[in-house]
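Undergrad: One letter stands for each residue in the lines below.
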Amino acid sequence: MRNHLAHFIFLALPVVGLAEPALDFGKDVRPLIEKHCFGCHGAEKGKGGVRLHEFTDTKSLFRDPKLWEKVIESMRDEAMPPDDKPQPPADERARVVDWIEHALDNPADDFVPKDPGRPFLHRLSKREYNNTVRDLLGVTSKPADDFPPDAGGGGGFDNNSATLFIPPVLVEKYLASATRMLAEAKPELIFTARPGDQISNGDAARKAIEEFAARAFRRPLESGEADRFVQLYTQAESRGDPWEKAVKSALRAVLVSPSFLFRMEVPHSSEAHLVSDFEMASRLSYFLWSSMPDAELLRLAAGKKLHDPAVLDAQVQRMLRDPRARDFAENFAGQWLRVHELETSAQPDAKRFPEYNDELRAAMVSEPVEFFHALLRDNGSLLHVLDSDFTYVNETLARHYGIEGVSGRDFRRVALNDRNRGGVLTMGAVLTITSYPRRTSPVLRGKWVLEEILGTPPPPPPPLIQSLPSSDRVRDGLTFRQQLEKHREDPNCSGCHQRLDPLGFGLENFDAIGRWRTTIADQPVDATGQMVSGEKFNGAAELKQLLLKRKDLYVRNVTEKMFAYALNRGLESFDMPLVKQTVKKLAENDYRVGLLVSEVVKSYPFQYRRGGTPLVSQN
Amino acid sequence: MKPAPISRRTALKGLGVTLALPWLEAMRPLAATAATSGGSPLRMAVLYMPNGVRPDAWTPSGAGSGFELSRLLQPLAPYKDDLLVLTQLWNRATDTGDGHYVKTGGFLTGTTITRTTGSDLRSGAVSMDQVVAQRIGHLTPLPSLELGLEPPATGVDTNVGYTQLYGAHIAWSTPTTPLTKELNPKAVFDRLFRSNSPDRAAQAAKDQSVIDVVLDDAKRLQARLGRDDRQKLDEYFESVRAVEKRIEWDLNRQHETNRSDPRAERAIADLGARIDAYSDPARVSERKGDHTEHVRLMLDLTALAFWTDSTRVSTFMFGNAVSSRNFSFLDGVSGGHHQISHHQNNADKLAEYERINLWHLQQYAYLLGKLQGYCEGERSLLDNCMVLFGAGMRDGNAHNPHNLPIVLAGKAGGSLATGRHLVYDKDTPLSNLYVGMLNRMGVPTDRFSDSTRELEGLGDPAFSGKQA
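Chains P and H, in that order, are what the protein sequence lines are. Using this note's numbering, the first residue of the first sequence is number 1, and each one after it goes up by one. Using this note's numbering, the first residue of the second sequence is number 1001, and each one after it goes up by one.
Hints were generated in silico from the structure; no laboratory data involved. Hints may be right or wrong, so weigh each one.
[Unchecked claim] Where chain P lies over chain H, by a calculated footprint (3+ residues, C-beta under 8 Å): (1) 1200-1211; (2) 1219-1226; (3) 1423-1429.
[To be verified] Label-pair restraints from in silico Cβ distances: (4) P/Asp83 with H/Asp1290: 48 to 56 Å; (5) P/Thr56 with H/Asp1120: 25 to 33 Å; (6) P/Gly138 with H/Lys1245: 30 to 38 Å; (7) P/Glu188 with H/Asp1120: 44 to 52 Å.
[What the hints assert, rightly or not] With a Cα cut of at most 27 Å, we get these calculated DSS-like pairs of lysine-lysine: (8) P/Lys47 with P/Lys59; (9) H/Lys1370 with P/Lys142; (10) P/Lys27 with P/Lys45; (11) H/Lys1186 with P/Lys207; (12) P/Lys580 with P/Lys59; (13) H/Lys1245 with P/Lys245; (14) P/Lys85 with P/Lys35; (15) H/Lys1426 with H/Lys1370; (16) P/Lys602 with P/Lys304.
Note that the structure is predicted; figures quoted are calculated from it, not measured. Heads up, the beta-carbon is just placed ideally off N, CA and C, and yes, glycines get one too.
Work the whole structure out from these sequences, hints included.
TA: Shown next as structure tokens:
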């Protein structure tokens, strides 16, 4: 992964961008490393297993980019060279570090190995389980809501394969849920064959079980695969169970079987290879619907069409217009923008904000989801996330925002005449989760923008940070903002806070639950700010214009997020060229969200998997 | 020598009104002798508190049995004779990395977690509680209980490069597998106590045949997967087998016997009613913010699970690392836990921090009271327990894993000489305490993580360590 700190600093620079430093690794950089590092990390000692002498040209860095990221980190932190060794001059240190970082971020095409990434067998997440049983059995109850919560990782999503665990309690839940779901299932979805004149009890049972298992496993069955399930039917029948009940006892095992609970991908080569068409169908459906493939995807998979770029483009368009894409919006945008924190950690003080009730909170959660869902449906521009002249509200939220003429609980698109509101930054959800219980936090808001929007999180605060009061009362004659500015005079703090705070100041017209305000503690709101670049602004509308100038950072960030979400893993250094190419394509195509999704599904890591070394070869 | 098995009738005969004994070890013919003392099994609970403590209000004055409880430990006054307050323990492996995740994920492992956003999740060791569960878990329907209040955040803390998952788990069943916490008291209750319906045996037989089939299916798949994929399927295997063991319990009906004592039945019914009231959707808004009741239900579940011998090992997290829970429901507190823990030695903030700490100690005391109220033979259930309360850092303002706030309550069947404040040499490994706990729980251990020996003097009433 690229080093965030560098981009954080980059943000401080004028928007023109960083020209490639005119250095050559072998000629200019290696000698410095040789001088200061080879003593311990060269051919002789190789301390800590680090042997930097093995790297001779820029391309060679890509044999172990993670190592070089560690080199950057330890040199930048001045952890290396150790204190008792001669130190390079500060400017030389900075020059080398910047160069290596730039080189890692900008590899030539042939530098980076093609690698689809480490595969982890993917256990259905809670959401995926709920949606899958809905589509498989026609049930509307959400059994996984009672399952223990899923954790997350990677790109910051709960569909990250590596961190989807299967604790014993979950297996207990699967057993119980299977029984309940089969009781609620639509009979026509599970009894696809029934005994009759033409077909015996046993044959009808086998047919129903096989057809159900194939749908549940999202692929055709292998020969003999259903036999064990059919045996359960036979046992139940011989116990005297009625036919339907006996069939259900077999289906229950299908619903607890690993082929159902995992998105099983079986490697068929020891080298990286295309996934099968059926595996591709599941990759698509779980990416865009958080659910199982539908009949059309399975049909295309059977016809071996799902690696055809034109077919993929058409399927992306179809799938994004399908109502199931709302799950994508909810899961992707909801987690990316962290709006679910409204339901977990954000707790506006009830006395200070009695208006913040369950209804308002639910509306706040919905707004960014509806907004993002609309972008998907309409193939809108990704830049609307930064700023837009419309949003989605219902009556509760419209009243909260002071927008007239909206009634009822349904969300609808409204035009925003006041351009201070618009885009995710000014949504109630975001403004609330970045506030403390009793006041706004320009620092948290600034941090949220840097982290979630621009993908350039600030480094952590030093251990002894000076804390600020929990309310925004005027103290010692200073407004809250003035207190914060005073805090920034501390040189330990100013470096970061002059980047963080202005972004938050620009949003000060929105209170801790996202309402428009013109005064704070009876003092007029001061929503002016100055970026480190020197650009000045007053209020949210102007701030957003400055952020739009930094759209490259934002687009790169959202692209990385989208890949991480789609691939069910965090991105690695070998993914970065792909991210860069995709960002370039987006810039040439008006930043259409549909294009981003299409590029993701046609990408190498989405279509390929690493080879495996099976215990037993299958022939 | 193992005592001769006795019938339940014999056991109940002579029980006074206050004595209820849902389960006597000797009633179980195949009972293991490990981790038992005086016929009753030992139990072990760990209560983890995020964000540290107000350091100047924690340490008791005096050492040995003549100590005075500190301000923060006041809620434990009724149980002073059942406590060991342990001073100067530290968790060396967590003196690195970041301020919170390392201190949480490694609290019970004594190891340094791997810095990762998710692909290389690794605590480095099985946690102490799970070492016990893996040894004695087969003796109870559930090997262990993992309880908590806050769901893991799905994000990555990009500031420090750790998946937030680390901050939500202290129990690790393998060095790469954290155990998911149960947050919902109703789900815990149902799992523990509602599974013994009349047709439970029939259901268990059916579950067993389903498990046979799916294990077969998994085996077939396992042979075909690559090494990377196999890790998750192995987890599936382990968990299915754990459920299989539980089903065996149900089939043998031992599970029901140990809670058929009328007093246990009544306690189960009472708790069930409270949980149902708490979980009633119609009363959601009423209970909102009743965080204390949520905690107490979880602690009641722990006590009752121990009493009915449904499990002998449990962990409970008051909050995840960096918890920002709003504690404004306490008088004199306004704001989130983590925010307040960064007190910067500001007197107002310290006072708020202390009130939040105190609330945690009050909940701990609540559990001790519950355990003391349940009788087991001549003793209280608390006498047969070890209940560890602690945090992964001392001062939340400094994220420091030296001199951790650690209390151990309960007499562990008489093997702990309680009622003392023990002051150790600076930077004595917390793992030494874990060695002592493992030894008492039936896992004879010389070494755990960075331990140097079993923590000195745990069972020796004359020992008081260095004078404070």
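Undergrad: Work down the list of hints and note, for each, if the structure agrees.
TA: Hint check:
1. Only residues whose C-beta sits within less than 8 Å of a C-beta in chain P count toward coverage, and the segment 1200-1211 of chain H has 5 of them, enough to reach three; the restraint holds.
2. With 6 residues having a beta carbon nearer than 8 Å to a beta carbon of chain P, the segment 1219-1226 of chain H meets the requirement of three or more and the stated coverage holds.
3. Counting residues of the segment 1423-1429 of chain H whose beta carbon lies closer than 8 Å to any beta carbon of chain P gives 0, which falls short of the minimum of three for the stated coverage.
4. In this structure the hint that P/Asp83 and H/Asp1290 lie 48 to 56 Å apart at CB holds, the actual value being about 53 Å.
5. Between P/Thr56 and H/Asp1120, the C-beta spacing of about 28 Å keeps the proposed range 25 to 33 Å intact.
6. A C-beta distance of roughly 34 Å is found between P/Gly138 and H/Lys1245, which places it inside the suggested range of 30 to 38 Å.
7. Separated by about 46 Å at the C-beta atoms, P/Glu188 and H/Asp1120 satisfy the suggested range of 44 to 52 Å.
8. At most 27 Å may separate the alpha-carbon atoms for a hinted pair to count; P/Lys47 and P/Lys59 meet this at roughly 23 Å.
9. Taken as a hint, the H/Lys1370 and P/Lys142 pair is broken in the structure, with Cα atoms around 35 Å apart against an allowance of 27 Å.
10. A C-alpha spacing of about 24 Å is found between P/Lys27 and P/Lys45, which places the hinted pair at or below 27 Å, so the restraint holds.
11. Pair hint H/Lys1186 plus P/Lys207 does not hold up; C-alpha atoms about 39 Å apart against a cutoff of 27 Å.
12. The hinted pair formed by P/Lys580 and P/Lys59 meets the criterion: a straight-line CA distance of about 18 Å does not exceed 27 Å.
13. At roughly 26 Å between alpha-carbon atoms, H/Lys1245 and P/Lys245 fall within 27 Å of each other, so this suggested pair holds.
14. A threshold of 27 Å between alpha carbons decides the hint, and for P/Lys85 with P/Lys35 the separation of about 11 Å falls inside it, so the pair holds.
15. Proposed proximity of H/Lys1426 and H/Lys1370 is contradicted: the alpha carbons are some 34 Å apart, above 27 Å.
16. Our distance criterion of 27 Å between C-alpha atoms is met by P/Lys602 and P/Lys304, whose separation comes to about 15 Å.
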